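A.B. asks: Chain residues, written in single-letter form:
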Amino acid sequence: MPAYNTIVFHADRCDGCGKCMLACAQAKSASDSPQRARLEVLADDAGRFELAMCRQCADPECVPSCPAAALAKNAATGVIEWDHGKCIDCLLCTVGCSYAGIALDEAAGHVVKCDQCGGDPACVRACKPGALEYLTMARIYEEVGSLEDLFVQGLAGCQGCNTELVMRHTLRRVGPDTVVAAPPGCVPGMGAVGYNGLTGTKVPVFHPLLTNTAPMLAGLKRFYKRKGRQVTALALAGDGGAADVGFQSLSGAAERGEEILFLVIDNEGYMNTGMQRSSCTPYGAWTSTTPVGRESHGKSQDAKNLPLIMVEHRCAYVATASTAFMADFYLKLDRALQASKTGFAYLHVYSPCTTGWRFPSKKNIEVARKAVESNFVLLWEYTPTAGLRLTRSVDDPAPLSEYLEVLGKYRHLTPEQVAHLQRHIAENVATIKRHAVAEAPVSPASTPPGISSVRALQGPAASQA
Amino acid sequence: MAAVAPVPSGRLLACDGNEAAALAVALARVDMVAVYPITPQSSLVEYLAKFIADGRLQAELVDAEGEHSVLSVLQGAALAGARTFTATSGPGLAFMFEPYLRTPGLRLPIVMSIVTRDTLTPQCVWGGHQDAMSVREAGWVQMYCETVQEVLDTTIIAYRVAEQRDVMLPVNVCHDGNYLSYGTARIELPEQDAVDRFLGAPDVNWHAALDPDRPMAVDPLTGGPGGAGPATFVRYRRGQCAGMHRALDAIRDAHREWGRLTGRNHAPLIECYRMEDADFAIVTLGSMTGAAKDAVDEARAAHRRVGLVKVKTFRPFPATDVADALRKLRAFGVVDRSVDFAWNCGPLYREVVTALQGGTRSPTSRSFIGGLAGADLTVEHFQDVIETVGQMRDVAGPRDTVWLDAQE
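Here the protein sequences line up with chains A and B, keeping their order.
For the first sequence, position 393 (counting from the first letter as 1) is numbered 385 according to our numbering, and the numbering increases by one without interruption.
Count along the second sequence from 1, then add 1285; that gives the number in our numbering.
Just chain B, same shape as in the assembly (with noise of 0.2 Å):
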C-alpha cells in the first residue's frame, strides 16, 4: 500500500478551533474516535472522520446512534486498552450524562473537547459556558482555551495529563463554541516527533481491563449497610479526588514540557495578565480573554492598576493560585458565560469566592454574565467591567449580578 501522507506537522496553517482540535487528536495517535453531529462540534468530528477515511489516521471511526452510546463505546475501547477521543455540546452532552457521570470513576484517562454552547431552554444553538458548568461536578478535569493555538495544544497536553499512572482521569478540553469552533487563526502545528515524544504510547488499562489474558471484574458492587461494602466505596471515592487533586500539578508540568518541546508557555491553571501592582482584576474563562485584555491594555494606558486573570484550569479548581492571585487586591469582577441558578450569579464567580474564604482578607467583588447564546463579549463590554469594579467601594456583603447584556 503506497504510503499516505499523514496530517500536517511542524508548519504553519491557518485554521479554526474545531480543525485544530482534529489536528490535535490526529497527532495524539488516538486507537479510536466515536462521534455523533451536534452543534458546534460537528466540523470537529467531521475532519477526524475524513483523516480516517483518508488514511491519514490510522483509527478506528464508530458512528454511533448517540451521544450515550459515543462515551460508551470509548468506554469499552478504553477498558480493551486503546487511547481515545470524543466531542460533543450542548444537548448531546446532557444525552451522554450517564456514562458521563462513570467514566471518571472508572479512572478512564479519555479526552473529550467541549465545544461549548449554552444549555436548553431557551432553544439556542449558539455559544455559552452553561453545558460545561453544568457537568463540573462530575469529576472530568476540564481545561478551557483562549485560542485557536490553545485548543491545539491543550488538546495533546490533555492525553499527558488524562494517563498520568496517578491522575487516570479523563479530561474535557472546553473551547467556545463559535468563536473558537469556527472563528480561524494562523496556527503552529508541532512535529509529530514532537508529540509522540511527549505523550509515549497509549497507557490507558494497567489498571482496570476487559481482557481475557488479565481477566478480573471491573467495577463490581460496593456498599451496603455493613462488612467490607462502605468502606471500599469510600476508597474509591478518595482515590479519585486525590487523582483529581494531583492533576494540579500534572497539567503545570504537562505545560511546562509542552513549552520546552514547542517553545509555546501557556498559563496551565490560571494566567496573570498585568497583575503587577494592579488593584482591580478582571477575571475571565475562554475566548473573552482577548478582548478583556485589550479592555485592560487600553486601561493600563490610561494609569489605571487593571489586571486581568485568566482561569484555564476550572476542574480541579487551582483555588490557592486563584487567592494568591486576587487577595491583594482592592476589588474584582468575575465574568461568567454561564449562569449559577441557585446562587444567581456566575459559576466561576461563586468558585473564586470560595477559593479566597478563610484568608487574612477578601477583596470585594462582583459577578458578571455576558456573552450568553452567542452574544459577543467586546472591549467595550469590559471597559464597562472596568468601570464598574474600579468604583466598588471595600465593604464586603453580596453585591448584585451584573447581567452584560441584559436591556433593562
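For reference, chain A alone in the conformation it holds in the complex (with noise of 0.2 Å):
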C-alpha cells in the first residue's frame, strides 16, 4: 500500500488563533471570511482543539456514498478529488464522512474539501505554533524504503547511536555507484570499514587519514570522470576531522569545486576516541579533555561555525540537517546528492552522541529534536544562486533549557554559562537571518520552505529511485 504526505494536527499546539481557517478561506475560496475554509478548528467543552477536515482516508467512506462518482482517491498524490462536474449536490457525502472533512459551502453552492493545496497547504503556512504540519515522510517510504541498505548487519556503535541511522539512510539514497571514504571516528569505529579481511560496507570503502578524506576522493573522482565513468564520491567524516585537522585539505578541495559529496556527522567532539573536545564542541560542554573541576568548567570557547565557513567557499550545496527531521534531511541529501555532480557538496548532519554527551540512548531522537527547536541548531540550506534560506522557522524557539536539562554534559553550567550560551545563540540567529537577508534572492519567486523544493526534486529523485 503506497504512503501519502498529509496534514498533520498536534492538538496541545494549537491556541484556537483560527489563522489557518483564514488562510484557507484566502486561498480556495478569495474571502476572509474562516466560514468559507475547507477546514476548522473547533474547542470543546475542556478547552481543547479539534480539528474538522479531510483526512484523504485510505479506505475513504465519501467515495461509495456518491451517486455520481464525482468523488474519487488519486493514487498518485493520495488526494480525495471532488470532480464539480458530475456533482449532483446530493450531500450524501458529508453524511459518509466521520470528520466533517467534506461539507457544503452555502457561497459556493456546492461541497468544497481539502485539496493539500496541491502540496504547500496554506494553512500549515499560516500555522505559527506548529499545529498543523504538513509531513512530507511518505516520500521517504515509498522511494527509499525499498533500496538497499548497503551496510552491513550489526555495526557495533553505541546503543541508540544516531550516526548508524545517518549513515544507513544516506548510503541507502546515494546507492551502490559510490566509493565512501570514512575517515578516523565512530564511522569507521563501528565496523564500517571493517576488521581484520571483513568489510562492513556493501560499496567500496576506504579508511583514510583523519586529514586527507577530501583530497583523496577528489584524486579517485577526477581520474573517473576523466574515464567517463559516474561514480559518485562520499565523505563520512565526523566533526572532529572535518573541523580540526582535516580543514585544511577539506576548504581546498572546497575551493576547487571537487565533485564530492561531503557529510559531517557532528556529533560535537571526538567521541570514538573517548569523548574529547573538538572545536565543534559547544561552550560549556564537558568533555573528558574539558573536564569540569574547581578551576574549569566545561569548554571556555564557542563551537566553531563549520557550515557558514563551507558557505563562504561558495560550495555547490550546503546545508545543515537533523535525524530528528527527516524529511528534511532527505530533501537536502537529494539536493547534495545533485550538487555534487557538479560540484563541491557539504551537508552538515546534527548526531546527539548517547555515549558522550550522558543521556539515555531512548532518548536520541528526542535530543536532536530539542537541539532544533530551541535554536541550539538552525536549520538552513545554501546555494550559490538562490542564496542562504533557513529551511525550519526560528521564531519562537522552545526554551533552552528544554535542551539543556536533557544532557549530562551541561548539567554543570552555571546561570551565567547558560546566559552565555543563550547569548550564543541569539548571534547565531542572528548571523544567519543576516546571511539569508544578505544572500536571498529578492526576486517574489523565492518561495517558502515547503512543498515546491519536494516537486523540484521528484525527477532526478523518481530516475534514480
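Read the hints as simulated data drawn from the structure, not as lab findings.
For clarity, every value in this text was computed on a predicted model and none was experimentally measured.
Hints may be right or wrong, so weigh each one.
[Said to hold, decoys possible] Computed spacing ranges between beta-carbons, pair by pair:
(1) A1334/B <-> P121/A: 57 to 65 Å
(2) R306/A <-> D1579/B: 56 to 64 Å
(3) A319/A <-> H1530/B: 54 to 62 Å
(4) K217/A <-> R1585/B: 52 to 60 Å
(5) P376/A <-> A1334/B: 22 to 30 Å
(6) D1579/B <-> G249/A: 50 to 58 Å
(7) R306/A <-> A1290/B: 33 to 41 Å
(8) K217/A <-> H1492/B: 22 to 30 Å
A virtual CB, placed ideally from N, CA and C, is assigned to each residue, including glycine.
Join these two chains into a complex; the hints should help.
C.D. replies: Next up, the structure:
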C-alpha cells in the first residue's frame, strides 16, 4: 500500500487563533470569511481543540457514498478529489464522512474539501505554533524504503547511536555506484571499514587518514570523471577531522570545487576516541579534555560554525540537517547528491551522542529535536544561486533549558554559562538571518520552505530510485 | 581538434634536471599530476602544468592546497587506477609525511621526485640530501641520480619498477637541488614508442581498488591483541618487505632493458668506477659523483690505486653489491650530503658499514660530510678525501667524522 504526504494536527500546540481557517478561505475561496475555509478548528468543553478536515482516508467513506462518482482517490497524491462536473449536489458524502472533512459551502453552492493545496498547504504556512504540520515522510517510505541498505548488519555502534542512522539512510539513498571514505571516527569505529579481512560496507570503502578525506576522494573522482565513469565520491566524516586537523584539505577541495558529497556527522567532539573536545564542541560542554573541576567548568570557547565557513567557500551546496527532521534531511541529501555531480556539496548533520553527551539512549531523537526547537541547532541550506535560507523557522523557539536539562554534559552549567549559551544562540540566529537576507534572491519567486522544492526534486529522485 | 605536438622525443635537448624529469613524466603518459610549489622543485611541476595546459600531455592536473593533499589526491587516483606523479622538496616532504608513510603499505606505485633540499632548521632553501634521508625508513624505493640524463631515464624506469606486480611500491627519484634541478646539460630524449613499449599500459590498482565494479574495503583495520588480527598485520608487513627486496632485481632488470632500448646503460644499484685493483675508494651519492670521479682520475694519473663506488639505489639498500665492492679494500671514505644525528656521521656511511658486517674482514673507513645547504662539493674536496683515506691505517674502531666545510 502506498504512503502519502499528509497534514497532521498537534492539538497540544493549537492556541485556537483561527489563522489556518482564514488562510484557507483566502487561498481557496478568495474570501476573508473563515466560514468559507475547508477546515475548522473547534474547541471542546474542556478547552481542547479538535480539527474538522479531510483526512484523505485510505479507505474513504465519502467515495462509495457518492452516487455520481464525483469523488475519487488520486493514486499518485493520495488526495480525494472532487469533480464539480459530476457532482449532483446530493450531499450524501457529507453524511458518509466521520471527520466533517467535506461540507457544503453555501456561498459557493456546492461541497468543498481540502486538496492539500497541491502540496503546499496554506493552513500549515499560516500556523505559527506549529499545530498543523505537513508531513512529507511518505516520500521516504515510497522512494527509499525499498532501496538496499548498503552497510552490513550488526555494526557495533553504541546503543541508540544516531550516526548509524545517518550512515544507513545516506548510503541507501546515494546508492551502489559510490566510493565511501570514512576517516577515523565513529563511522569506521563501529565497523564500516571492516576488521581483519572483513568489510562492513557493500560498496567500495576506504579508511583514509583523519586529515585527507577530501583530497583522496578528489583524486579518485577526477580520474573516474576523466574516464567517463559516473561514480559518487562520498565522505562520511566526523566534526573533529573536518573542522580541526582535516580542515585545510577540506577547504582546499571545496575551493577547487571537487565533485564530492562531503557529509559531516557532528556529534560535537572526538567521541570515538573517548569524548575529547573538538572545535565543534559547544561552549560549556563537558568533554574528557574540557573536564569540570575546581578551576574549569567545561569548554571555555564557542563552537566553530563549520557549515557557515563552507558557505564562504561558495560550495555548490551547503546545508545543515538533523535526524529528528528526516524529511528535511532527505530533501537536502537529494540536493547535495545532485550538486555533487557538478561541484562540492557539503552536508552537516547534527547527531547527538548518547555515550558522550550523557543521556539515555532512547532519547536520541528527542534530543536531536529539542536542539532544533530551541535554536541550539539551526536548519538551513545554501546554494550560490539561491543564497542561504532557513528551512525551519527560528522564530518562537522552545526554551533552551528544555534541551540542556536532558544532557549530562551540561549538568554543571552555572546561570552565567547558560546566559552565555543564550547569547551565542542569539548571535547565531542573527548571523544566519543576516546571511539569509544578504544572500537570498530578492525575487518574489522565492518560495517559502515547503513542497515546491519537493516537486523540483521528484524528477532526479524518481529516475534514480 | 587539431593535433597537438606532444613533448619532444627522439632528439637532443639542452635542459635542466627539473625539465628533464617533467619530460620523462610526460613520456610516461601519466594520468594525473598533483602539484604544490616549493623550492627547488617548483619549476618541475610548472613544466608539467604547462605541458597539460598546452595539450601536450593528456593528464589531469590538480593544484592542491599543500603537499599533504597532493599525495592524498594521488592515492585516491591510484586506487581508481591512475598512473600518477608529483614532486617535492624539504619542508614539503615533511608536510607530506603522513600520507607518505602510508603509500608503501597501500602498495601504490606512485612516482615522486624528491628534488633534494636541506631540512630546517637552520633556515635554508638550498640543496642537501637531508629531506630524502629523513624519510629513508618509510618504505619507498629511493634512487639518486648523478646527471640530468640520469634524471630523465630514471624517472621513466621508476614507473616500470613501481608497477612491476611483484614489487608494487612507490618510488622516489632523488635529484640534487640546485646542482641537478637547475644545472643545464645536453640530454638525449628517447622515442615515445620506446617508452610506450618499455612501460606498457598503467597497471596500478589490480590488487587494491576503490571501484564500484569491484567493491572491496581497502585497508580495513587489522591488529588487536588476539585472533587473526596481528597475523594479518604481519602478513601485510612481510609482503611489503618482500616487495622491497624484489625491487633490487626489478631495478636491475629495468635498467638492462632500458639500456637495450636506448643504448644508455646506467648502473642500476651501484656503479664501480676504476675499482679494479683499487686499495682505496670513495663512496658517493648523487651529483657529487662527477667531481669525485675527476679527483679519482687525477689520483689514478698519479698512480694511486683509488676507485669510486657510487650508490644509486639507496632503498632497498644493495648491501651485497656494496659489500662485495668494498670488502677487499684497505680503506674507504663515504661522502654524505646529509647527517645521521644519532651516530654523528653520514647516513650512507652507516648503511655501508652495516653492509660490511659479518664478512671475513672489514676495511677501515671514515665518514665525510659535505655539500650541506647548497655548498659545492669540488674536486679539491675529493682530493682531500682521497688524501685522508690514503693515510688511514688498517685498524678497526671509530673515527671522527670529517666535516668538509667546517671552519675549525
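A.B. asks: A separate judgement is required for each hint: does it hold in the structure or not?
C.D. replies: Hints versus structure:
no.	hint	result
1	A1334/B <-> P121/A: 57 to 65 Å	holds (60 Å)
2	R306/A <-> D1579/B: 56 to 64 Å	holds (59 Å)
3	A319/A <-> H1530/B: 54 to 62 Å	holds (58 Å)
4	K217/A <-> R1585/B: 52 to 60 Å	holds (59 Å)
5	P376/A <-> A1334/B: 22 to 30 Å	holds (27 Å)
6	D1579/B <-> G249/A: 50 to 58 Å	holds (53 Å)
7	R306/A <-> A1290/B: 33 to 41 Å	holds (38 Å)
8	K217/A <-> H1492/B: 22 to 30 Å	holds (23 Å)
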